[in-house]
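Visitor: Chain by chain, the residues run as shown.
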Amino acid sequence: MKRLNLNVVSQVMIADNIFELTVEGEGVESMKVPGQFVHVRTGEGFSSLLRRPISICDADTANNRLKMVYRAQGKGTAWLSTRSRGDKIDLLGPLGNGFNQDVVEAGGKALLVGGGIGVPPLYYLGRKLAQKGVAVSFALGFQSSKDAFYIEKFKEIGRVAVATADGTIGKKGFVTDVMDKFTAEQPVVFACGPSPMLRALNHKTEGLNAYYSFEERMGCGVGACFACVCEAATPSGYVKICSDGPVFKKEEVSI
Amino acid sequence: MKRLNLNVVSQVMIADNIFELTVEGEGVESMKVPGQFVHVRTGEGFSSLLRRPISICDADTANNRLKMVYRAQGKGTAWLSTRSRGDKIDLLGPLGNGFNQDVVEAGGKALLVGGGIGVPPLYYLGRKLAQKGVAVSFALGFQSSKDAFYIEKFKEIGRVAVATADGTIGKKGFVTDVMDKFTAEQPVVFACGPSPMLRALNHKTEGLNAYYSFEERMGCGVGACFACVCEAATPSGYVKICSDGPVFKKEEVSI
Amino acid sequence: MNRLNVSLPGLEMKNPIMPASGCFGFGKDYAKWYDLSLLGAVAIKAATVSPRFGNPTPRVAETESGMLNAIGLQNPGVEKIISEELPHLKPYGIPVVANIAGTAEEDYMEAAEILSKHELVSVLELNISCPNVKEGGIQFGTAPEAAARLTKMVKKVSSKPVYVKLSPNVSDIREMAQAVEEAGADGLSMINTLIGMRIDLKSRQPVLANKTGGLSGPAIKPVAVRMIYEASQAVSIPIIGMGGVMTAEDVIEMMLAGASAVAVGTANFANPYACPEIIADLERVLDSMDVSHISEIIGGSWKPCKTPSLSR
Amino acid sequence: MNRLNVSLPGLEMKNPIMPASGCFGFGKDYAKWYDLSLLGAVAIKAATVSPRFGNPTPRVAETESGMLNAIGLQNPGVEKIISEELPHLKPYGIPVVANIAGTAEEDYMEAAEILSKHELVSVLELNISCPNVKEGGIQFGTAPEAAARLTKMVKKVSSKPVYVKLSPNVSDIREMAQAVEEAGADGLSMINTLIGMRIDLKSRQPVLANKTGGLSGPAIKPVAVRMIYEASQAVSIPIIGMGGVMTAEDVIEMMLAGASAVAVGTANFANPYACPEIIADLERVLDSMDVSHISEIIGGSWKPCKTPSLSR
Ligand SMILES: Cc1cc2nc3c(=O)[nH]c(=O)nc-3n(C[C@H](O)[C@H](O)[C@H](O)COP(=O)(O)OP(=O)(O)OC[C@H]3O[C@@H](n4cnc5c(N)ncnc54)[C@H](O)[C@@H]3O)c2cc1C
Ligand SMILES: Cc1cc2nc3c(=O)[nH]c(=O)nc-3n(C[C@H](O)[C@H](O)[C@H](O)COP(=O)(O)OP(=O)(O)OC[C@H]3O[C@@H](n4cnc5c(N)ncnc54)[C@H](O)[C@@H]3O)c2cc1C
Ligand SMILES: Cc1cc2nc3c(=O)[nH]c(=O)nc-3n(C[C@H](O)[C@H](O)[C@H](O)COP(=O)(O)O)c2cc1C
Ligand SMILES: Cc1cc2nc3c(=O)[nH]c(=O)nc-3n(C[C@H](O)[C@H](O)[C@H](O)COP(=O)(O)O)c2cc1C
Ligand code: FES
Ligand code: FES
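Residue numbers (full-length UniProt numbering), protein chains in the order written: chain A, 1 to 255; chain B, 1 to 255; chain C, 1 to 312; chain D, 1 to 312.
Be careful, since some hints might not be right.
What the hints assert, rightly or not - Here are the computed lysine to aspartate or glutamate pairs in the EDC-like style, where the Cα-Cα straight-line distance is at most 16 Å:
| id | chain 1 | residue 1 | chain 2 | residue 2 |
| --- | --- | --- | --- | --- |
| 1 | B | 75 | D | 249 |
| 2 | D | 211 | C | 230 |
| 3 | B | 2 | C | 35 |
| 4 | A | 2 | D | 35 |
| 5 | D | 152 | D | 107 |
| 6 | D | 155 | D | 107 |
| 7 | D | 202 | C | 296 |
| 8 | B | 250 | B | 215 |
| 9 | A | 2 | A | 24 |
| 10 | D | 303 | C | 200 |
| 11 | B | 75 | C | 200 |
| 12 | C | 303 | C | 230 |
| 13 | C | 303 | D | 200 |
| 14 | A | 2 | D | 277 |
| 15 | A | 204 | A | 251 |
| 16 | D | 28 | D | 84 |
| 17 | C | 156 | C | 110 |
In case anyone wonders, no lab produced these hints; they're calculated from the structure.
With the sequences and hints as input, model every part of the structure.
Guide: In structure tokens:
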């Protein structure tokens, strides 16, 4: 949990407006937990004051290399996509509590469900779980083939089922339409994606041990400003996505 | 009078925090009159809304190259000094009314008096006058040797006398302390510098035909906002530095 | 098909964009940059009955995403504006918003009577919110009763519709809007500048000779949007929205908040082509929002039945 | 020699910098980033008598050089703050400013009485200016009489000095400042946020669930400087200045305007080390201004005999 000043190694557009940004430098060695995020400063001077939360998509902690995959949509991410080799990126991290890998043992089964720009953190998680000896399956949902990314890389880790809203690749439909074959195996479920996806997922994961990563607009990103709260079954009645999450057991938080 | 998008050719620090910026591109061909200025956009996005007026220091209208010499002091000029080859500069120009060279004939004499960051436009003016066959002398004032620039280049055009406030080069004192030998020749005087210099100059130029270039904080730079007005001996009682000036006959404007 | 025309009392505009008063002089200067007939309308610099020289310089300062100005209502006076400035606007055939200011009620009435008679003036805009001169009308701009009284008096003498330009330096913008509506205003212009200051560390003095100045630019846009949102729901007269508009998206945001037309001020200084470029870009934004005519979105953030899912 | 210490009623600060209320939680979170004993003081998040959940999300939005927030006074209530939050601040030995909010006068009085008794609380800061809850005290923040009444009642029950945090959403800040001074306030805090809004073009709805939010950040600094300049000349109690402070230069600007100490809010989000970095940088700026002690510059833009040429 530090402010890092990392060097851009590469910036590649890997799908329609989706970028893979690789940065390097001191501090990445602490990014060991998939599902944690970094809080990225965008723009010059004081025109953009709020940082952008971006998940760790992959981290090579031995070589201090961090990969982020993000969609350039608004002002901040559009700026980020113009950074190139030689530029510096100011980010805070690692922040939050990621996916707890201890809940599935070596030899166990895990299903990782991701939608759209919720897919990136599942790559690091899948890699780590596979390393540990967990049999990993992925159910990935995208709008269209032009928005899809990393599918080949996921296939190197485990079985992959893809759904697209327009059917241009994989099955036409939602991620919930392609995951039954995996849930039949009673895996632990780890998911990240937009709230509607998580809501739909809730029916499919009934009786399963499931962990979701949530999104909310953030101020501080470190637990101080109460911007990112979410109603929860905790004594205080709420959790903060940034510091208590972003990953919660599905029962803990009301979606 | 257009918005130009020019390519940075080079950016060189030629004295303490004084930069010479060379840019190139379509539009420079119209920058024929010394004393005119360009209005430079600085910063990215909307964090800096007011452009910075910078004099034309030299223009190669045949090759579309423009030189500006400026001091990096505040936010905008500091940003400008970080631009380098390959970057673009957005500027408006040429703006304003420059030095009228018709007031001195070929074979005549001209004295160009500049202080600090008022020196740059005199280079282009000196070059043009010399080309025309005018005998040009320069009286240049700087704070200290570390702030001085272009002295050798001025010497290629005419006689040069230098004053510095701390005496580190030239005579210790002000520009008004080194110009008597030139005024004795009854030259036409062209001056650019801070108001105190112009006020001091007024005594020295009594009886001489003198033209001063003025500075004022600007909004629009094009005559629309009334930010840069100055009391004047005109029917309306005022002039706008940006569109009526920045150069005026000394009697026209109250300093 | 023109998707951009809007219609307000006295203002038939082929698009909703006009330069804001004080940021465009009397048009002459920007006419050197582009054809003013592209504009929906033009608001000219504040006119007073007698000429005014305005404040000492420096009159402008830069702030983060904004600027301060304390021009101080400099203008050549109504008479000269009519004889020397207005005629230049004739060739463009665009509606002219004549912004008027004053110290006493009589000043406003005199200026209003004279200017409203001029064939080129489409509507008056009562500047009761200039923060930069002690007697620049701001005393009317923060007291609903005074604003209403002035509006009534000007309405009596004006032969053209009267818009009242509101100050954002108030606790309750609804109250001001309602007061001038009841007094007979045909429309509102909002917002004028917030009052601000910058202090120079070297001299330890305010940067502006006038000390305080009016804050404009993108920095104040959220305040403008909020006030337009509030006022547009409190009155039924149309609003010319302004405050920090830099892009076509900003125009749409103002109109969704409740503005029927939009004025562009400070943006002209950053980019002399701001108005025509924004106008040219509006169609793209409307396309991306699936809007067939721009007037559909006026008040779209609060009007029922205007949510995107129901709009087609 | 310490050139940075300032002294205000109830606040002996080794430097003039404190994080602003609501932008630093109760300190715990930023304590993970740096040693809080570096700070001049700390202002904690608004406390109400009973716990509050606050507004629905989204609660923040970005604007040009600023941000909007509508947290809605979420806090665990005075009791839990005392039992669970305040103890964490003890090790740092820095003064604590307890910001309190409420709906009715009784709420404020109850919270004030309880919190002011706590050994770790140095002073109270009455938040009569939260724009984000209907009953968040803003009703007191824009009416001088109500503000004065509340101040008097809180002063009666408080065993610690009371600062009143003023809202910038008023026509006349001097009037507010004088009203609470006369009512017995020991100091002022200013400014709270301006009320703003952003509308999302896609959904056509306000970005914030609460619709409006409080605008903070560098965008509002010119308004803050102006109001501090005006209020500090109208009263003789000290002012904790805030609003858009990002750099050591901004701190000096606020103090030249008339602030005796400075709070840093939004800057913490852009940079968690904002406060300690600003503190470390203050000496450099004082050197460049030839100032031997920071307290010399308080009100330097308007106090006679404090112009640089006379100062040494
Ligand atoms: C824990 C977490 C992890 C995330 N990981 C990724 C990732 O790996 N890849 C990726 O593409 N996106 C990710 N997101 C979403 C990403 O943060 C937003 O897409 C991004 O902040 C939008 O910024 P912008 O500049 O494009 O938009 P703007 O509209 O300019 O943003 C304005 C403000 O709104 C916030 N905001 C806008 N959309 C969102 C959103 N969906 N979620 C949270 N804040 C938002 C911004 O952070 C900023 O503060 C993550 C979000 C969270 C909370
Ligand atoms: C006609 C004209 C020609 C000029 N030519 C040159 C030149 O060739 N080289 C050079 O170094 N400088 C020149 N100047 C001065 C130059 O414009 C300022 O130094 C520059 O604008 C300061 O910007 P900044 O970003 O450093 O300062 P900031 O403090 O960030 O500027 C803030 C605002 O104040 C204005 N401002 C600050 N100082 C001045 C000043 N002295 N004059 C006018 N506006 C100011 C800026 O333009 C900007 O709008 C000229 C000024 C004028 C009016
Ligand atoms: C330099 C300048 C001069 C202005 N002069 C006037 C004026 O004469 N009359 C008036 O009603 N408003 C005046 N305004 C206010 C603008 O018309 C507009 O309301 C305000 O600047 C907000 O819009 P913007 O952010 O787009 O500039 C002036 C603004 C600026 C920046
Ligand atoms: C997220 C957020 C929460 C805030 N909460 C409070 C609060 O609880 N009580 C209060 O008095 N002010 C609150 N404020 C206002 C700040 O203390 C400060 O007055 C204001 O933000 C201006 O300073 P800044 O521009 O440095 O942020 C809050 C501001 C922000 C941005
Ligand atoms: S973003 Fe500030 S508490 Fe989570
Ligand atoms: S800068 Fe606008 S009139 Fe000169």
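Visitor: Now look at each hint and say whether the structure bears it out.
Guide: Here is what the structure says about each hint:
1. Restraint check for residue 75 of chain B and residue 249 of chain D: satisfied, since their Cα atoms lie roughly 13 Å apart, inside the 16 Å limit.
2. Taken as a hint, the residue 211 of chain D and residue 230 of chain C pair is honoured in the structure, with Cα atoms around 11 Å apart against an allowance of 16 Å.
3. The hinted pair formed by residue 2 of chain B and residue 35 of chain C meets the criterion: a straight-line CA distance of about 14 Å does not exceed 16 Å.
4. Between residue 2 of chain A and residue 35 of chain D the CA atoms are separated by roughly 14 Å; this keeps the pair inside 16 Å, and the hint holds.
5. As the CA atoms of residue 152 of chain D and residue 107 of chain D are separated by approximately 14 Å, the hinted pair is consistent with the 16 Å bound.
6. A hinted pair counts as satisfied when its Cα atoms are at most 16 Å apart, and residue 155 of chain D with residue 107 of chain D qualifies at roughly 14 Å.
7. For the given pair, residue 202 of chain D sits about 15 Å from residue 296 of chain C by alpha-carbon distance, which is consistent with the 16 Å threshold.
8. In summary, the hint linking residue 250 of chain B to residue 215 of chain B is supported, as the alpha carbons are separated by about 14 Å, within the 16 Å threshold.
9. For the proposed pair residue 2 of chain A and residue 24 of chain A, the alpha carbon gap of about 15 Å is at most 16 Å, so the pair holds.
10. Between residue 303 of chain D and residue 200 of chain C the CA atoms are separated by roughly 15 Å; this keeps the pair inside 16 Å, and the hint holds.
11. Using a Cα cut-off of 16 Å, the hinted pair residue 75 of chain B and residue 200 of chain C holds, with the two alpha carbons roughly 13 Å apart.
12. Proximity of residue 303 of chain C to residue 230 of chain C is assessed by CA-CA distance (about 12 Å); at most 16 Å being required, the pair is judged to hold.
13. For a cut-off of 16 Å, the pair hint linking residue 303 of chain C to residue 200 of chain D stands: about 15 Å separates their Cα positions.
14. For the proposed pair residue 2 of chain A and residue 277 of chain D, the alpha carbon gap of about 15 Å is at most 16 Å, so the pair holds.
15. Distance check on the hinted pair: residue 204 of chain A and residue 251 of chain A sit about 14 Å apart at the alpha-carbon level, within 16 Å; holds.
16. In summary, the hint linking residue 28 of chain D to residue 84 of chain D is supported, as the alpha carbons are separated by about 11 Å, within the 16 Å threshold.
17. Note on residue 156 of chain C and residue 110 of chain C: the hinted pairing holds, with a Cα-Cα distance of about 11 Å set against a maximum of 16 Å.
In summary, this structure violates none of the numbered hints.
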